[in-house]
Amino acid sequence: MSRKPILSRKALGWSLVALAISATGFYFYEETGQAWLAERLNAIIPATNHLKLARGESVGRPQSLNLAPSSRHERLMEAPKKGSLSRPQLPRLTAVLSRHERSMKAHKEVNHTHAWLELLKLPADAKEIQLVQVNIFVNSTPYVSDMKNYGVKDFWASPHEFFAYGGDCDDYAIAKYIFLRHLGFPAEDLRIVFVLTGKRHQLHSVLIVRLKGNEYVLDNLIDTVRPITQIETLQQLVSFNEDGYRIRVRKIGANNP
Numbered sequence: 001m002s003r004k005p006i007l008s009r010k011a012l013g014w015s016l017v018a019l020a021i022s023a024t025g026f027y028f029y030e031e032t033g034q035a036w037l038a039e040r041l042n043a044i045i046p047a048t049n050h051l052k053l054a055r056g057e058s059v060g061r062p063q064s065l066n067l068a069p070s071s072r073h074e075r076l077m078e079a080p081k082k083g084s085l086s087r088p089q090l091p092r093l094t095a096v097l098s099r100h101e102r103s104m105k106a107h108k109e110v111n112h113t114h115a116w117l118e119l120l121k122l123p124a125d126a127k128e129i130q131l132v133q134v135n136i137f138v139n140s141t142p143y144v145s146d147m148k149n150y151g152v153k154d155f156w157a158s159p160h161e162f163f164a165y166g167g168d169c170d171d172y173a174i175a176k177y178i179f180l181r182h183l184g185f186p187a188e189d190l191r192i193v194f195v196l197t198g199k200r201h202q203l204h205s206v207l208i209v210r211l212k213g214n215e216y217v218l219d220n221l222i223d224t225v226r227p228i229t230q231i232e233t234l235q236q237l238v239s240f241n242e243d244g245y246r247i248r249v250r251k252i253g254a255n256n257p
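Residue numbers (my numbering): 1 to 257.
No lab work stands behind these hints: they were computed from the structure. This structure is a prediction, so every number in the text was calculated from the model and none was measured. Mixed in with the good hints, there may be bad ones.
To be verified - Subject to a maximum C-alpha distance of 30 Å in a straight line, what follows is the list of computed DSSO-like cross-link-like pairs (lysine-lysine): (1) K212 to K121; (2) K153 to K251; (3) K127 to K251; (4) K251 to K121; (5) K212 to K251.
Modelling step: build the complete structure from the supplied sequences, incorporating the hints.
Dropping the structure here:
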């Protein structure tokens, strides 16, 4: 008779994740904090990748997403090859990108779409200006919880859904990510990051952008785009883009290179 393993692969994967987090000297004291992180990780990461993530490994490469233009408006939104969006193997981000693609084709007359097109006319070499303009524009959208909007604890909105109904910190970061991808920023220079912030270790999402050797934080709580060396210390938990996800628990910010 074969003996059942003490831990399933999924349970073992999460055990390794917990060890990785505790090894940094940080512990989740609040049950709500544990639930928040578990919900987000389970939603975006297939269980088969938990062990890879716990070891700090990448979880695979994406397949190409066709954004071929069919009108003048869509040609304006078409990013150069370096900035073309990809369809990841992880279903939740795939769903956001797919809804985004459909909405850009279907809602050309919506005011936010016109504002989007104006942003895309910024000079291609004015990357610092693009960061500031995108951050301010996206931050002008009202904050609304997912429970109020959709009746669920956590939902990732496409930019069009976000501009229409408002959203939470995840939605601000995703909208900025997609904006900058269309403006030609390569995926490897953009990371949506789950962090803990402040003395009370509040859970939050931001976008971190690498530009000319420096890293900048785009946060829905402040319109100023700040170098990562000038922000208060954050506890990074998970970072991801369309190329994959990585658990890397570390402190970032002032005095934490």
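Against the structure, the hints come out as follows:
1. The hinted pair formed by K212 and K121 meets the criterion: a straight-line CA distance of about 21 Å does not exceed 30 Å.
2. For the hint linking K153 to K251, the alpha-carbon distance of about 27 Å falls within 30 Å, and the restraint holds.
3. As the CA atoms of K127 and K251 are separated by approximately 26 Å, the hinted pair is consistent with the 30 Å bound.
4. With a C-alpha separation of about 36 Å, the suggested pair K251 and K121 falls outside the 30 Å cut-off, and the hint is violated.
5. Between K212 and K251 the CA atoms are separated by roughly 22 Å; this keeps the pair inside 30 Å, and the hint holds.
When held up to the earlier numbered hints, the structure conflicts with hint 4 and nothing else.
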